[in-house]
Amino acid sequence: MDVKKTISRGMKMELEGVYPDRSSDEALERKVESILSLYGHDSSQVIAILQDVQAEFGYLPQTAFHFLAERLGIPLVRLYGIATFFKAFRLTPRGRHEIKLCTGTACHVRGAELVKDAITRELGIEVGQTTDDLAFSLEKVRCIGCCGIAPAMMVNKDVHGKVSAVTLNKVLSKYK
Amino acid sequence: MCTDTGCRVCGSTGVYEAFVEEVRKARLGRRVEVKATGCHGYCEKGALVVIHPEKILYVQVKPKDVAEIVSKTLKRCAVVKRLLYKDPESGERIVHEGDVPFYQKQMRVLFGNNTRIDPCDITDYIACDGYQALRGVLETMNPRKVIETVIRSGLRGRGGGGFPTGIKWRSARKAKGERTYVIGNADEGDPGAFMDRSICEGNPHSIIEGMLIGAYAVGAEEGIIYVRDEYPLAVETLTTAITQAYECGLLGRRILGSALTFDISIMRGGGAFVCGESTALMASLEGKMGEPRAKYIHTVEKGLWNQPTVLNNVETWANVPRIFLHGVDWYTSMGTGDVSHDPWGGSKGTKVFSLVGNINNTGLVEVPMGISLREIIYEIGGGIPGGKEFKAVQTGGPSGGCLPESQLDLPVDFDRLTEAGSMMGSGGMIVMDEDTCMVDVAHYFVDFLKDESCGKCLPCREGLRALSEILTRITEGNGRSGDIKLLQELSETIIGTSLCALGSTAPNPVLSTLRYFKKEYISHIRDKRCPAGVCKALIQYRIDAIACNGCHACFKVCPADCITGEAKEIHVIDQDTCIKCGSCYEVCRFDAVKR
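So the sequences go chain by chain: A and B.
Take the first sequence: its letter number 74 is residue 74 in our numbering, and every next letter is one higher.
Take the second sequence: its letter number 349 is residue 349 in our numbering, and every next letter is one higher.
None of the hints are false.
Quick list of in silico lysine to any residue cross-link-like pairs, SDA-like style, CA-CA up to 25 angstroms:
1. A:LYS157 with B:VAL235
2. B:LYS62 with A:ASN156
3. B:LYS55 with B:ALA36
It should be emphasised that the hints constitute simulated quantities derived from the structure, not laboratory data.
The shape of chain A in the complex, shown without the other chains (with noise of 0.2 angstroms):
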């Protein structure tokens, strides 16, 4: 993943307000706040933090990094480094729906990629991109554990199984 793209990609978004759910600075200081209260400030929790703070919002929002490295007392550097090393968080806002691709061994075998290439040839989207829309967005992940009907993807939090090139469109319609 091109990092600083999708960086860049995430700030453009922040700043013209794309996001529907953007909430105004003050909101957002209020709800990370009350999520750091959950773990007495305590600087060993980051990642559950993290995690809550990314449940909250959909994605990590700029303006919650700098607001966690002030109250917590570790360098934003250091925050930055935990959110990029750990493939749970995110630092753009995601689609309405997400299409997570399960690339593990068995879907891979049965043909995973043939399915990568056809999101991508219908949405427009590579892994770990957001449509212009938001309506989508595409990650892989590794093993959702239904290998029994793979290939599988999970969108939002139904699981198709068995999808192909073919049976893509079905999938997708249902969410357009």
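Given chain A, work out where chain B should sit, using these hints.
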């Protein structure tokens, strides 16, 4: 009935609700209890319903079938024939769970209770002798005896390393520190493996009990279970289980009236494969990036927060209560080798594998150590679907290797698999048929590890990138004559010079495929051909003029509009505009599209 993630996909939640509703309507509430249990293992046939005490197994149950099951089986003790498992060879219907070939060869020590207990109800676990092992340990053994017992049982780490658990505990007991930590690792990162998830979701108390025994043995008061964030259901089940254990006085202060004090908390992982490595996992528990460190001093001496730490996989922890419940002799009766003097001497007990890929019976299987790969694949797994040829089985996750047909009689234990160039790993077992390209598989694993390398050591970070580049080149038809030698040299350097197990095992998929499937590499490089028909750049889709009957199906699905032909006429693919998406190949029912 099973309501694990796999069966949920097949609609088990609806089936459960239907059962509750139908049982209520039929006023059977007093005589029948509907239980939502953990994984039964046979994911291929979900949703699964087992009716106790007869153990009648119904497969692929849909909500609309429920009324019939209730009226026939529950009321009149008759079986619903069409929902029974059908033997693919004889076509016979099998009534009882234990008679189905998938279960026959298995030894379900850890998973046996999964079909009986509701993971969110501690009383179910207690009814199945739960926490009896803990009670026995606290009442009759001192910590030294506990450790000795575990050493004698020959239990070895189920997470991949295969280090004897008892020896680890002994070192932690001896180590000096202010306090000792006990960690359960459920950050299952291997693609194609989900047994840890199923234990967490199906029988969480067995993990807690194991950790309690471990805590007593090493003198720890604090425990952490590190769960993968992608497993929301596992986090939920574990949280419920821990809360219930506190309510019953099985966690907290003075457990079961003894002096033992123990607390367990849950940490959600951040989704990094390298965090399966002990030092990386501990770094991430401390709120740092998950980078491994050199283990001049082992983590049992200085681990989390520089204190002695015992880290075991959750499957290892789940084994512990079983050993104390049924005794060392019972445990050592399963498996290979002799561990009475040396815990390294063999592999004892059972191992859970997730059997997936090109195989008829996908699912989780628990088998005694020492069973052959052939038995697992053909007798339990039911062989390869569609009459295809077996090509390879991949074990040990991304760090493991691919074994060919000639190695199928290999007994599955820690040491034999390592000798054959693969490894046990955490228990992923991916079966591949003739349509799988081994160069592509090696490429897939190297790419996976390239993404997951933490970047600390240069040989791993840059070496894997280079391996990936060479493999990409080969799969795109630009392989050069020296590439095989280069792959080998590079692999050896990475193995010899990386710090942690991720780097030093990363080239295994390349080396094992080179060892057993060199021919495929050669045909990619020299003949520019992919024998399995997988590598896009090396294949062409074309329509066989004799087989094509002009059904027009491929024309309709082609996203590139590169197929020409009228209905009932022979169709042709324009090679210049074809994007090789494979759609025409998939829809053609007459085998006319060739690649």
